[in-house]
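Novice: Letter by letter, the chains look like this.
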Amino acid sequence: EPEVTQTPSHQVTQMGQEVILRCVPISNHLYFYWYRQILGQKVEFLVSFYNNEISEKSEIFDDQFSVERPDGSNFTLKIRSTKLEDSAMYFCASSWHQDGILTDTQYFGPGTRLTVL
Amino acid sequence: AQSVTQPDIHITVSEGASLELRCNYSYGATPYLFWYVQSPGQGLQLLLKYFSGDTLVQGIKGFEAEFKRSQSSFNLRKPSVHWSDAAEYFCAVGGGKLIFGQGTELSVKP
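Protein sequences, first through last, are from chains A and B. Position in the first sequence (from 1) plus 19 gives the number in my numbering. Position in the second sequence (from 1) plus 119 gives the number in my numbering.
To be clear, the hints were calculated from the coordinates, so they are not data collected in a lab. Please note: incorrect hints may appear among the correct ones.
As the list claims (entries may be wrong) - On the chain B side, residues computed to face chain A include the following (Cβ under 7 Å):
| # | residue |
| --- | --- |
| 1 | SER158 |
| 2 | PRO159 |
| 3 | LEU163 |
| 4 | GLY215 |
| 5 | LYS216 |
Glycine included, each C-beta is placed from N, C-alpha and C at the ideal position.
I would like the entire structure built from these sequences, with the hints used as guidance.
Specialist: Here it is, written out as structure tokens:
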């Protein structure tokens with residue numbers, strides 16, 4: 020069964036450094052998402068991406084964050100200058116959304132645990 | 120504001136006992152509702168979803184959920200819990216962007 024994959028599984032970085040989290044969505048999916056979960060808190064939406072542009076973003080997704088689909092298979096989240104509070108589990112998800120109906124199931128990857136020291 | 124509340128942070132049940140996990144939502148439009156499960160070190164796996172139609176939906180692993188519009192609830196149930204069901208369960212609402220509840224951690228006693 021197709022699945023969403025994410026690399027690395029765990030990333031440790033120093034405050035102020037840039038990190039890139041990578042995701043390979045399911046191959047025929049059209050919509051891509053990033054969520055994060057700070058330890059002990061809810062899973063929070065960060066951004067959705069469709070047709071090579073951001074379709075929606077949350078207040079969390081400020082100028083230090085960016086997303087990109089550099090090729091036909093990868094979907095990346097870049098954090099330009101990491102802060103301690105960026106430490107969290109970051110989940111990538113993808114969905115098909117037939118006919119533009121935003122109700123299709125989102126399939127999640129296993130997550131990347133980001134630790135900022 | 121759109122939100123999801125899972126009132127129970129942690130539930131412990133005995134193996135073979137029935138289970139009900141509560142979920143209440145606040146959503147302006149017709150809600151699309153989901154239950155996901157997360158085992159340690161794993162991603163979020165979809166258990167079931169409700170978009171429209173029959174308010175009792177069946178999912179994987181023997182789970183079901185009932186949508187009650189009058190109560191703004193979408194509770195998850197299983198008639199007989201197995202030890203492998205121990206995990207964290209998340210209720211979510213949305214179309215596109217998902218809004219998650221806090222999660223309920225389920226422990227199963229032998």
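Novice: Hints first: check each against the structure and report whether it holds.
Specialist: Results for each hint:
| no. | hint | in the structure |
| --- | --- | --- |
| 1 | SER158 | violated, 10 Å |
| 2 | PRO159 | violated, 11 Å |
| 3 | LEU163 | holds, 4 Å |
| 4 | GLY215 | holds, 4 Å |
| 5 | LYS216 | holds, 5 Å |
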